[in-house]
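K.L.:
Chain residues, written in single-letter form:
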Amino acid sequence: MPDLAALGQEKSNLIKALQEQQKEEGYISDQAIKDISREFDMAPVEVEGVVSFYTQFKRIKPGKYKIQVCDGTACHIIGSKLVLNWAKDHLGIAEGETDEEGLFSLDAVACLGCCSLAPVISINGKVYGDLTRKKLLKILEDYRAREEEV
Amino acid sequence: MSQIKVTIDGQTLNAEEGQTILQVARENQIHIPSLCFDNRVSQNTSCFVCIVQDAESGQWMPSCSSQVQDGMKINSSTPEVEDMRKTALDLILSEHSGDCEAPCTLACPAHAKVEEYVRAGREGNHFEALKIIKERIPFPMSIGRVCPRFCEQDCRRNVKDQPVAINDFKRLAADLYYDEYLEDMEDLTGEKAAIIGAGPAGLGAAYFLRRAGIASDVYEKRAEPGGMLRYGIPEYRLPKDILEKELAHFEKMGGITINCNQELGQDIELEELKNNYDAVIMAVGCWQPSSMRTEGEELAWGGIDYLEKLASQNFEMEDPGETIVVGGGNTAMDCVRSSLRLTEEQVHCYYRRTAKQMPAEEYEYQEALEEGANFEFLTQPISLRKEGDKLVLKCIRMELGEPDASGRRRPIPVDDSEFEVKADTVIAAIGQKTIAPEGVPTNDWGDVEVKEDNCRVEDNLFAAGDCVSGPATIVEAVAGARRVANGVQAYLKDDTYKPPYLINVSRGHWQSVSEDELVYLQEPDESERVEQRHIDLDKRKQTFEEVSLTFTKDEVELEGKRCFECSCTAREDCQLKEHSEELGADPEAFSGEKIDHGYNVEHPEIVMDRGKCIKCGICIKICNEVVNEYLLGFKNRGYNTKIDTAFGQPLPVDCEECGECLEACPVGALDWKVKKNEEILKKLAEEK
Amino acid sequence: MINRIKIGMASCGVAAGAREVKDKIAEVAPEEKIVEVGCIGHCYAEPIVEIETDEGSIFYQDVEPDEEFINRMLELEDFSRFTPNPEREKWEKKFVTELSGKIDPVSLEEYRSRGGYQGLEKALEMEPGEVVEEVKTSYLRGRGGGGFPAGMKWSFLAAKEEEDKVIICNADEGDPGAFMDRTVMESIPHQMLEGMLIAAYATGANRLFIYCRAEYPLAVRNLNTAISQIEEAGLNKIGGEDIKITVKEGAGAFVCGEETALIHSLEGKRGTPRYRPPYPTDKGYKGRPSMINNVETFANVPLIIRLGGEEYAEIGTENSTGTKLFALAGDLEYSGLVEVPMGISIGDVIYGIGGAEEGSIKAVQIGGPSGGCIPEEYFDTPIDYDSLNELGAIMGSGGLIAISKGRCMVETARYFLDFTAKESCGKCTFCRIGTKRMLETLERVTGGEGTAEDVELLSELGPKIIKGSLCGLGQTAPNPVLTTLKYFKNEYLEHVEEKHCPALECDNLVEIEIDQETCIECGQCIKNCPVNVISDDFVIDNQDCTRCNSCIEVCPVDAIARVRKGGKVNVAN
Ligand SMILES: Cc1cc2nc3c(=O)[nH]c(=O)nc-3n(C[C@H](O)[C@H](O)[C@H](O)COP(=O)(O)O)c2cc1C
Ligand code: SF4
Ligand code: SF4
Ligand code: SF4
Ligand code: SF4
Ligand code: SF4
Ligand code: FES
Ligand code: FES
Ligand code: FES
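Protein chains in written order, with our numbering: chain R, 1 to 150; chain S, 151 to 838; chain A, 839 to 1411.
Some clues are possibly wrong.
Stated by the list, open to error - Cut-off 20 Å, straight-line C-alpha distance, at most; resulting in silico cross-link-like pairs (EDC-like, lysine to aspartate or glutamate):
id, chain 1, residue 1, chain 2, residue 2
1, A, 1107, R, 97
2, R, 11, S, 775
3, S, 236, A, 1294
4, S, 223, S, 166
5, A, 1121, S, 167
6, R, 66, R, 89
7, A, 1107, S, 167
8, R, 16, A, 1105
9, S, 744, A, 1105
10, A, 1124, S, 448
11, S, 540, S, 422
12, A, 1107, S, 230
13, R, 126, A, 1186
14, A, 1260, R, 39
15, A, 1365, R, 10
16, R, 88, A, 902
17, A, 1107, R, 10
18, A, 1124, R, 41
19, A, 1305, S, 167
20, A, 1260, S, 743
21, R, 61, R, 101
22, A, 1260, R, 97
23, A, 1305, S, 448
24, A, 1107, R, 101
25, A, 1124, R, 10
26, R, 11, A, 1002
27, R, 11, S, 779
28, A, 1305, S, 166
29, A, 1086, R, 30
I should point out that these hints are in silico values taken from the structure, not numbers from a laboratory.
Note that this is a predicted model, so its numbers are computed, not measured.
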């Protein structure tokens, strides 16, 4: 659990606290909601309401590699829908899901800020641009291969 | 606070700075609908049903949240404003899922409050049940026996297994308390109607008029009253002493005189009646058997004629010998089963389509089979002739072709498949038609033409029942009777009757609902439907004794526990429904996805049905700002927003003591579980 | 002689591999001084390296993290040189972003050496009221979309007598295709912060927040670094008081760009808007008077004070002064960030700067999901607040997308509505349900199941959503649909009447076909089809084809194409 005391138990820091929490565990568990609401002296239902409002917060454990497919305008125009479908097909998961091994999770997001490289994805923050299906599958398989080596 | 002036709908009003438009309007009795406003809590500004328009700038604003300004001019009732409000409601309804009214009640042509009398029956209050039933059904003993049970066909319980045996609740309640019960009636006003035809529609109309204080003289051409109840439905389904009891009740009500042997055109004249009475209702039924359109058909009995003859002879008739009944409807079944009781010979039923396509009730077919009838499907008669003392019916086999206009596959003849059969009696029970009296306008089907909203033909002449609808059922006749009675009352008050605009949100027909989408107030009993008990089969084959037996009180109570209690707890005080009806909003105006957020009935007293939540936010704020708790909140956002408790847990048991949020919820999303019949009864009483 | 090596390390550069390049240079030439700079706006050429020599700078584009490449570059060989498109130079006006990509974003000295904080110093010598007047004179209008005159807003806050007043910089940048604010924050954070400090002095605010979009980690980092530098240098001491500046990260909600929602979010609540009035300047963060301005708005302020409002107002047009940043995207040769003077025509931006092929663009979408499309016939319209409003579009925050003739307008509208519908906060009826119903209707149309009534429904419901929504999100959400309906109704009608997508974009209305004449039977398509629906004799089973385009992409002879479903009409792209 992040150092909530440092945040001054000030309600306006709730989102910050949740962000810290997510950084640590990768998602916001029920237990985390209970702990944080106790710490901030808030009703759990209110904290849950905040968590579920913002797309950044995940309530299920994400995969080790978080794939974000950009569906910002520039990427969309160039074909991000196809990229998303390629990824879905290849991984066998839908948006917002994590695969069975817990390796990959998939999300569609708005502009990643690299429109000139569209279509773009990011995996754990690292951006890959100018994607084709081949390139995408290779990137994903490289991650998987690296994982299998370990 | 300084005083300012604002104008709403042309009315200039004094107001105080800081007040909202809605407050000012309400203080001045100007009606603005609202859903998400509650003056105990801070603004929600969610529903936009309170929207108004600035007459000068054209700016739209929610009146509950916009403060008045000096000199402001507001439009709150222009067509544009009402259209915006209606659209807001249309949209809210399009994401709403619930059942305002139970499917059974909606399915009942007479809109008898089914769920309520089922509840009364379950609780053993059969007198109360009868009272609820009789608000809509003048002949509960008869209909409790012969209704084809439209309500059960739509009963939600079908999703799980078999429908609740609804009709048997009526039958028991009526059998138990018919003699004691007398309905509330208005004092007679002195107005009087003439009713032509003492069948279910005519007598039904007399009943509803009498309850409203209008007397009537009923004219019947046959020797005894009852119409189809007497002459169409055989004794073994509806014993005539039951009918006598129903008729006796009419006598007890007073103000209704039945004159038999009075035939229109001979003993009475339409014009005369129109002149002598405040209103005339024609309810002459459908008594003309339809033609088989085959050579020699005059040698056959018309189905309805056969039944009429049988009834008029007190169900004693010469042995018809080997009998062929042509047709597959309820009249055909009545003919088959009556014949079976009159002869030791074979009784056949010939129908040109398949068993599945027979319009007759399934149970009638089954019971006819049990009683020994022989069915020949895909068989069409083509001619009839006499050979000696036998009749010879020539038929052809059929097969199913392409679907016709009704969507059923059309039977087409199979080449070279003609065959002949001999019989002593042939009955053509393929339908009936209306014989409209001379000079009365009719439609393409030959039925009497009436205005839809008030059942009026012309002048002070009204019509109802089979002669308007074509051959139908008793309960439909009774439903028509109520409509015509309303039409007459309105006519006598000199306004056209406009049926109130009512909306019904529905979770959908049970066929489109899966078991995990069901919502109930408490877990229903798992038991199977109570089976109807019958008299011995031998007796059924020999006599006209009534075949089925009335449920016992225990059976009814058991059966009642199977009911899901489908209707909405908020039905009587739902603001969404109220405003939607006021503004003509329509649950079907927009179609689209409805999200199933589920419901929670774990709390002993409280139901949270998220599908009904309109996201107004009142409950959250009441709980937080008024009660100083924080037990409710919104989750998710956008179209996925839902009301919930922490981790979806049921509300704490203590909430029972407070219940502020439930009381404040404008709809049935958060509500007490109880549904009280008293409220229904009160409302029914108010309607009159 | 190499003085310094500058590498563009804004998000665009990093994404293109600038970090690898930097590491490689450091490895190959450890003796060189490497500076990370921001974005110079030519994102399409990243990674870009600038080599400062005594004779001036030499730019390299598409730099590879490859020893040979780097050695050649350090030798100043003439290859892979970057020269900006000369057309572009003609139209662009680097003003607000003048320093972007030229200086180390997190070097206070460098910023100061280029005139940084002179605006603040000058302001502090004026009366606060004079500063407000100066901003009024400049007629700077809010760059966040609404275009409300900034000076006026400042005067509202200045007039408030409360002791605690708040200024919030709206850095939520929610338009899914825009990154102007990100570039400013990443590349010239001090300039924006200077603007905020000037505003604080002018209005008497004593607390500053920056509400920054969650996906901008580099912007947050640079801002925080810049803030500590400011604190260290005491630049935040205004009127004897240390003004606290805090960066708060959003958590992924477009609606939080709306002022009241933003305030709720800052307070740690669900980001739902509330009805205004009261406006934030009366009742904002924790009930205090609060003023919200956009990143770009603040970044203009130091220049206004330095130049004086009057001189500033010379740039642009009378009612729209200054410049505007745009994120260009779509069917263009050169996409990326541009800064242009107000009043430039749409055509000059997309053809002149964007380098689109003359006549290839049928419309631009301006203002992102809240904006609208503008068809070709209006391309000579000047880009200013009022002219755009007249066409049913809006200036918006700076997203500008060129849509070529080969794209479907219905699909474009559907895309934007899909975004706004998902981003609706869910509070009010018209927006929560209305946008969803419109979206479902559009999906029917693009899916080939639409009817003429559906098109009717869109044009009836759209205006009602605008009238009956609580906040700007719902009030603008129907714009993309209504403007495409206005200018491209024929495309809608073709979808519903002919079941035909003229651009062959809508999957349900097209089939994928292999032209047997052209096909050389290489088998690439068969190998690459993810759902194995291409037979050995090169026929596609369109029943199960997912329209993924993989085969089209891999076919070496372009034998595969999207064709009209049912018919074989090929459409020129
Ligand atoms: C749904 C919605 C999203 C918005 N998003 C942004 C945004 O991302 N950035 C921004 O500066 N303004 C945004 N705005 C506009 C702001 O509400 C506000 O008008 C602006 O920040 C004021 O600053 P300005 O006057 O400097 O433009 C948005 C408005 C709405 C209704
Ligand atoms: S909440 Fe109102 S509209 Fe909804 S089902 Fe109940 S009564 Fe009907
Ligand atoms: S379950 Fe009960 S309330 Fe529901 S339809 Fe059947 S009888 Fe009516
Ligand atoms: S449950 Fe709450 S939010 Fe939903 S309709 Fe009822 S009072 Fe409103
Ligand atoms: S218009 Fe949309 S985003 Fe704005 S308050 Fe209403 S529901 Fe929320
Ligand atoms: S478009 Fe995709 S799914 Fe369809 S045939 Fe080509 S590769 Fe296969
Ligand atoms: S739209 Fe994909 S990176 Fe900007
Ligand atoms: S918005 Fe005014 S009552 Fe709901
Ligand atoms: S359906 Fe209502 S009484 Fe039969």
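K.L.:
Each of the hints needs a verdict: does it hold here or not?
P.N.:
Consistency of the hints with the structure:
1. Taken as a hint, the residue 1107 of chain A and residue 97 of chain R pair is broken in the structure, with Cα atoms around 26 Å apart against an allowance of 20 Å.
2. For the given pair, residue 11 of chain R sits about 17 Å from residue 775 of chain S by alpha-carbon distance, which is consistent with the 20 Å threshold.
3. Among the hinted pairs, residue 236 of chain S with residue 1294 of chain A is consistent with the structure: their alpha-carbon atoms are about 18 Å apart, no more than 20 Å.
4. With a CA separation close to 15 Å, the supplied pair residue 223 of chain S and residue 166 of chain S stays within the 20 Å bound.
5. Between residue 1121 of chain A and residue 167 of chain S, the direct Cα distance comes to roughly 18 Å. Compliance with the 20 Å bound is thereby established for this hinted pair.
6. With a C-alpha separation of about 16 Å, the suggested pairing of residue 66 of chain R with residue 89 of chain R holds against the 20 Å cut-off.
7. Between residue 1107 of chain A and residue 167 of chain S, the direct Cα distance comes to roughly 30 Å. Violation of the 20 Å bound is thereby established for this hinted pair.
8. Restraint check for residue 16 of chain R and residue 1105 of chain A: the C-alpha separation of about 11 Å stays at or below 20 Å, so the hint holds.
9. Distance restraint check for residue 744 of chain S and residue 1105 of chain A: the Cα-Cα separation of roughly 32 Å exceeds the 20 Å cut-off, and the hinted pair is therefore not satisfied.
10. Restraint check for residue 1124 of chain A and residue 448 of chain S: not satisfied, since their Cα atoms lie roughly 93 Å apart, outside the 20 Å limit.
11. A threshold of 20 Å between alpha carbons decides the hint, and for residue 540 of chain S with residue 422 of chain S the separation of about 49 Å lies outside it, so the pair is violated.
12. Pair hint residue 1107 of chain A plus residue 230 of chain S does not hold up; C-alpha atoms about 36 Å apart against a cutoff of 20 Å.
13. For a cut-off of 20 Å, the pair hint linking residue 126 of chain R to residue 1186 of chain A is broken: about 35 Å separates their Cα positions.
14. With a C-alpha separation of about 32 Å, the suggested pairing of residue 1260 of chain A with residue 39 of chain R is violated against the 20 Å cut-off.
15. For the proposed pair residue 1365 of chain A and residue 10 of chain R, the alpha carbon gap of about 58 Å is over 20 Å, so the pair is violated.
16. Distance restraint check for residue 88 of chain R and residue 902 of chain A: the Cα-Cα separation of roughly 31 Å exceeds the 20 Å cut-off, and the hinted pair is therefore not satisfied.
17. In summary, the hint linking residue 1107 of chain A to residue 10 of chain R is supported, as the alpha carbons are separated by about 12 Å, within the 20 Å threshold.
18. Between residue 1124 of chain A and residue 41 of chain R the CA atoms are separated by roughly 18 Å; this keeps the pair inside 20 Å, and the hint holds.
19. Restraint check for residue 1305 of chain A and residue 167 of chain S: not satisfied, since their Cα atoms lie roughly 25 Å apart, outside the 20 Å limit.
20. With a CA separation close to 14 Å, the supplied pair residue 1260 of chain A and residue 743 of chain S stays within the 20 Å bound.
21. Under the criterion of a C-alpha separation no larger than 20 Å, the hint pairing residue 61 of chain R with residue 101 of chain R is consistent with the structure, at around 12 Å.
22. Restraint check for residue 1260 of chain A and residue 97 of chain R: satisfied, since their Cα atoms lie roughly 18 Å apart, inside the 20 Å limit.
23. For the suggested pair residue 1305 of chain A and residue 448 of chain S, the alpha carbons sit about 71 Å apart, so the restraint of at most 20 Å is broken.
24. Distance hint between residue 1107 of chain A and residue 101 of chain R is unfulfilled; the C-alpha atoms sit about 35 Å from each other, more than 20 Å.
25. Simply put, residue 1124 of chain A and residue 10 of chain R have alpha-carbon atoms about 12 Å apart, close enough for the 20 Å limit, and the pair holds.
26. A distance of roughly 19 Å separates the Cα atoms of residue 11 of chain R and residue 1002 of chain A; the hinted pair therefore holds under the 20 Å criterion.
27. Of the supplied pair hints, the one linking residue 11 of chain R and residue 779 of chain S holds, its CA atoms being roughly 17 Å apart against a limit of 20 Å.
28. Under the criterion of a C-alpha separation no larger than 20 Å, the hint pairing residue 1305 of chain A with residue 166 of chain S is inconsistent with the structure, at around 27 Å.
29. Straight-line distance between C-alpha atoms of residue 1086 of chain A and residue 30 of chain R comes to about 25 Å, which puts the hinted pair past the 20 Å bound.
Hint compliance for this structure: hints 1, 7, 9, 10, 11, 12, 13, 14, 15, 16, 19, 23, 24, 28 and 29 are broken, all remaining hints hold.
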